[in-house]
Amino acid sequence: MITSLPSLPIGLRRLRDAAERLTTPLLPDDYLAMINPLWSARELRGRIVSVVPETADSATLTIAPGAGWRFEHRPGQYVGIGAALHGRFRWRSYSLTSVPTARTDTLTITVKAMPEGMLSGHLVRGLEPGTVVRLARPEGDFFLPEPPPPRLLFITTGSGITPVMAILRTMDRRGSMTDVVLVHSVPDPEAMLFRAELHDLRDHHPSFRLHEQFSRRDGRISLTHDLQRLCPDWRERQAWVCGTDSLLEEAGRVWADANRAPSLHREKFASARIGNASAGGSVRFSTSGFAVETDGATTLLEAGERAGILMPFGCRMGICRTCVLPLTAGRVRDLRTGTEHEGGHQMIQTCINAPAGDCVLDI
Amino acid sequence: MPNSRTVSQPAITQAVVTARSSTLRTTAGLSEFEVSRLAAELDAIRAEVMGDLGAADADYIRRVIAVQRGLEFGGRALLMVSLFPPAWLAGTGALAVAKILENMEIGHNVLHGQWDWMGDPEIHSTTWEWDAVSPAAGWKRSHNVVHHTYTNILGKDRDLGYSAIRVDPAQPWKPIHLFQPLYNLGLSLGFEYGIAIYDLELDKVAAGDKPWSQARAEIGGLWQKIRRQWIKDYVAFPLLSGPAAPTTLVANVVANVARNVWGHTVIFCGHFPAGAQTFTEDQLVDESPGGWYIRQVLGSANLDGPPLLHLMTGNLSHQIEHHLFPDMPSNRYAEIAPKVREVCARYGLPYTSGSLPRQYAGVLLTIARLALPGGGRRVAGGENAGWM
Ligand SMILES: Cc1cc2nc3c(=O)[nH]c(=O)nc-3n(C[C@H](O)[C@H](O)[C@H](O)COP(=O)(O)OP(=O)(O)OC[C@H]3O[C@@H](n4cnc5c(N)ncnc54)[C@H](O)[C@@H]3O)c2cc1C
Ligand code: FES
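Chain order of the listed sequences is A and B.
Using this note's numbering, you'd call the opening residue of the first sequence number 8 and step up by one each time.
Using this note's numbering, you'd call the opening residue of the second sequence number 5 and step up by one each time.
For reference, chain B alone in the conformation it holds in the complex (with noise of 0.2 Å):
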């Protein structure tokens, strides 16, 4: 592996444009040449820090496994006397809390295999499952498979838009779209069915691409995890609680509920923002690994904010390092994002970031612009976002 920085770049800007108009698109202006040292230099800021997982980062995600669970213990501890609204503050801000962190510092992190080099079956992708309503299996499926390879290429990224809503003028419209903002608040709202119903797949199935006896399997299997799901949160714990039954149950809806709001947040902001870009499927063609790297550049965009913001996020703050390197533990995306932005910086590409309130709004109002037809020429691959 070369040392990226041993090895002196010249400063590199857009400049090379080759000819063939594919390359074009997928390399961002960049040579073979550049595109394959870029892709070098990746790999080196990969290999350095897995060549170094050790103890230290081992202790990390235990830590934060013990911190969740003693807030989703001490959460429903408190719930149980949340007759007291002061208790049912508490109890429900640490349970909320508590299932964010479960689903994206921790759940979303073990299913892509960030921790399995610890061989501890406990914290491991094909061991973990998930507080959500969607079972690991399919998610891990759809999500690690589907999505990461395929980010941000219309008509193969299932997640753009999850295929029900408009994030890009690129996307056909239809008359459904203009209640886009309507049902992306619905989405939002509950978005651990949202992504359950996704990973079933359906449109896959309706096109004959998928066996209907798998989807029913598949149902099955996310009808019992739903009803555990709901034994749990809406069921045993309320009754647990006695007189304060009725409280524990609004405070486990109200949990459920802040925990689906922020997920979709973040991940809307992951893709969708303004200056991260969409793709066709010729990109596809002859991809290199430097031109699949280019690609995660260019379709993600990052959250800046403090510590506290990158943990609760699952890290997915730094998305740009997450889609580059989907298995490296969350906890060095930050000591590798500086080393990311800089090398991006020299390779002329595009970094994206910004703070969650302005990613956000930008979000809704492309989701609130693209309700109509039309929406700006937002090319493929293009220069930032001509829309907004």
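If we strip away everything but chain A, and leave its shape as in the complex, we get (with noise of 0.2 Å):
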């Protein structure tokens, strides 16, 4: 993760490789980086060029990222943002919301901030266009494939719209518009994420179906009662689903039930813990020679990285597995689900597991 360099083009690489003997330890990135941060390709770095509110607490960032980056993500993916918050760098995955063209030097997302959140308010309220901050790059397998499918059903609530805005952009950009049903739930208008841009897509495309539920008015959306009066023909669509947990969950089940399972695709923004802030114990880890003690509730990831160890991680939610480690002895806990798992050169994420007493990490 550390050492491998983003991939540059080869007369480039020849150039560098050169060079690197001259600088030696170092590498010519870490002198370039110090007249613009951009140049190096050691660590993908990205610079702050604007943020625009969209909602009260929300706030779209344009991001122009430097040397080693490829426009190439597909659409409905996220990336890691790493952003320095007193002296550390904290990450978090966010959508992008942009539409991957080789023809654009910047990059969007879009971020709510999360009541006590660590970072996303930071990244709403506290970055100054110039601000460098790190990139991971693009990753998940929420994302619209090649050629679309020709019908589509999106179901998303709150900020689970990001992905689904960079499909829709990039179906509205390249004239791929096919039949698409998009469902979204907010609590009002006030709070809704490109409502503007979402109508116009209603009014240049025909065969884009938009249905708004705010629901402090009409109440949250069940899935299991509304469905099929809002899609009636769900079962023949390829289905995307972004939201809260219940959501998603709600969503399994019904896809399940009509054996439709194959044709749904899901993201997971957050993931509630089931976390015991007074259980915990003293994580160590083994190679490193480091002990941290932590309480239940705090990941061995988190746990890892205030005892400044660098920690390989992706989603930082469950999904990727970037993230595992050899739990060598001791007991974790998985936050989303509770279960419990045993040491002896288990792998585990550790990103959602907490230690439930002691326990050693290899790394």
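It is worth saying that the hints were derived from the structure and are not from the lab.
We treat Cβ as the ideally placed atom computed from N, Cα and C, and that holds for glycine.
Hints should not be assumed to be uniformly reliable.
What the hints assert, rightly or not - Pair ranges (Cβ atoms, derived):
#, chain 1, residue 1, chain 2, residue 2, range
1, A, P333, B, V257, 46 to 52 Å
2, B, R145, A, L22, 32 to 38 Å
3, A, T113, B, A94, 55 to 61 Å
4, B, F37, A, P136, 55 to 61 Å
5, B, E346, A, S253, 53 to 59 Å
6, B, A338, A, G137, 29 to 35 Å
7, A, P157, B, M54, 56 to 62 Å
8, B, P215, A, Q353, 27 to 33 Å
Said to hold, decoys possible - Anything over 10 Å on all C-beta distances counts as not near chain B; from chain A, calculated:
#, residue
9, T30
10, A66
11, P72
12, F78
13, G94
14, D186
15, H232
16, L255
17, A265
18, A286
19, S295
20, D302
21, E312
As the list claims (entries may be wrong) - Chain B side only, calculated, beta carbon under 8 Å to chain A, not exhaustive:
#, residue
22, A51
23, G55
24, A59
25, G123
Once you've looked at the hints, go ahead and assemble the two chains, each given alone in its own frame, into the complex.
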């Protein structure tokens, strides 16, 4: 994760290999970064171009990525953003909302500030244009296949609209809008992201249908009850669902009951945590020799980062398995399910497990 | 954590002497209770700083790195025209200072993990490699683990005299020591090679404590690194200078040697001057956290001087603070030094400190004196060395 360099054009790579003779033990990038941080391909970086408010508690960040970035993501994928907060880098995942195209030099994400959240509030309200952030390559399998399926259904709540927005924008831009239904639920019109743009899309594309549900007025969406009414032919559609845990679970049930599980795609933004703040224990990191005391609601990933260890990670939500490490000894609890795992060189996801007593991780 | 400033402490001198002689040695005459209270006070000093780390600290190390890279770039650029003597002088000076900063305030401290808390993969103990011939990995093991754990324990701390030099009368004298003033000079000039060879722990291989296969792999890694360093300093940059190749080559040799001599000086002043004490292995038996702290204080010596001296020594001028809290960012040592000194004074622990010329003269005298057998009575853990 640390030493592998992003791919560069072959000519540039040769030049850099030659320059490395002069800069060893550093890389030429380390010197270039002194002039312009974006010239270093050692770590992916981006400069904040603008932060434009969308609603009262959300904003769209336009980011100009530096050397090594390729505008090759699939619409619907997310990136990791690492921003320094009080001197420490904090990482979170955000769906790209920009259209993947080679004819641009920026990307966008749209962030909703979570109450008591660690980083999202800082991204929405605390980032000056010009700030340099770290980026992790686009990832995720919640994306629109090419060519787009003839009939699509999107069900989203709140900021879960973001990956779908990237998909809709891409189909709009490429003139490939197929038969699309979007069912989107938010508390009220003021809290709705991209409202004007979605109306525009609806007005321009006869094949795009939009159902807005304002839960303060209309109540929450119940897929079991409302789906048939909102989209009678849902069984014939490829479906993408992104939103709260309960929505995703319900969708899983409904599609499974109808024997349609393969046509359902889900994206999770946050996991409800079952952790117990009083339990926990000491986590020892055997290779680096550090140990930290944590409560039972702090993930092993967070505990390691707090100790200053460069922990591997991707989505930080239990999806991608980038964070998997051997649990040599002790016991950990999965914060999503409450299931416990025992040590003995078992591989566990550090981003969704917390210690249940003392444990040892091999890193 | 108890707050050191709200708890009123009676002045304690070396009054309370417990009966067990081993306790007497490790605890500098303090009772077990006092030792644990001392540990709590030092823990509190550490916790206060570590809880306060933030953007200003992160800015500090990034600024030092930027200055260092700027100096190195500027120095190397000047050397391109080093046929012009003032350019040679300025270029060599800038390069030497850059190399010193790189090794001391940046490399040594980053490799200690002092900046790991930032979560920045580019300034992290696991990814950093320094501008010296010894690969960072071997150094981290022999320095961070062995030396910082077994500070100044004869027979355990291999830094004590770097295995070859007799710095303490308790080390048995051998005829080879007659030449130690000479080979200490050699070690000073080629310090980075000395460290590299030392990190291979060949003495352990000879004793059968370390597999030869591992040593061979490490020698391979060392050779790779030496080659890269040589190509950079002694081939590539001189060639780039065209007609100024010879003067650039000489400048690079001078810069590396200056860095070596400086590093050697600072490091020898950290542990071997008069006042810094050594210990025997039985100090380790049942050593409490407080006992460990005491050993760090007694075994280390600070250098007094202006902020520039602290920067150029990588803050090893605050050797005592560094040994108490090796993973605390070095920019914070100056601010805690008065507190540590005050705590030491209250518990009657000698806090050794002096100017660089004075301390270094003492070190050289010791090396000269101990080249001969005997050397006075320097009892492990005793009062200030009686042999100077
Ligand atoms: C694939 C993916 C894509 C995403 N895309 C987007 C996007 O496009 N836009 C967007 O706004 N967000 C997106 N997210 C969510 C985003 O990554 C962050 O999780 C979100 O911004 C909150 O981060 P935070 O640091 O502010 O909150 P955190 O500090 O991570 O906390 C999140 C919430 O959990 C609560 N919490 C924190 N710690 C605990 C604990 N120990 N126990 C119980 N509860 C706790 C907090 O109160 C807060 O409400 C995405 C997530 C994923 C995985
Ligand atoms: S970071 Fe993706 S599964 Fe843990």
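inquiry  = Tell me if the beta carbons of T113 of chain A and A94 of chain B are separated by a distance inside 55 to 61 Å.
reply    = violated, 43 Å
Non-interface label on E312 of chain A, tested against every C-beta of chain B at 10 Å = Violated, because the least Cβ-Cβ distance between E312 of chain A and chain B comes to about 6 Å, which does not exceed 10 Å.
inquiry  = Over 10 Å from every CB of chain B: does T30 of chain A meet that, or does the non-interface label fail?
reply    = Check fails; 8 Å does not lie beyond 10 Å.
message = Please verify that the nearest CB of chain B lies beyond 10 Å from D186 of chain A's CB.
response = holds, 45 Å
query = Taking the CB of P157 of chain A and the CB of M54 of chain B, does the distance hold inside 56 to 62 Å?
reply = holds, 59 Å
key: chain B versus A286 of chain A - minimum CB to CB distance exceeding 10 Å, so not interface   = holds, 23 Å
ask   = Should the hint that P215 of chain B and Q353 of chain A are 27 to 33 Å apart at their CB atoms be regarded as holding?
value = holds, 30 Å
query = Was the hint right that G55 of chain B lines chain A, CB cutoff 8 Å?
reply = Violated, because the Cβ-Cβ distance from G55 of chain B to chain A comes to roughly 11 Å (cut-off 8 Å).
inquiry  = The hint says 29 to 35 Å between A338 of chain B and G137 of chain A; measuring C-beta to C-beta, is that right?
reply    = holds, 32 Å
key: chain A contact restraint for A51 of chain B - C-beta distance below 8 Å   = Check failed: Cβ of A51 of chain B comes no nearer than 13 Å to chain A, outside 8 Å.
query = For A265 of chain A, which was marked as not at the interface, is the minimum beta-carbon distance to chain B over 10 Å?
reply = The claim stands: A265 of chain A keeps its Cβ more than 10 Å from every Cβ of chain B (closest is about 45 Å).
query = Beyond 10 Å from every Cβ of chain B: is that where the Cβ of H232 of chain A lies?
reply = Non-interface label stands for H232 of chain A: nearest chain B Cβ at 46 Å, farther than 10 Å.
Checked against the numbered hints above, the structure violates hints 3, 9, 13, 19, 21, 22 and 23; every other hint is satisfied.
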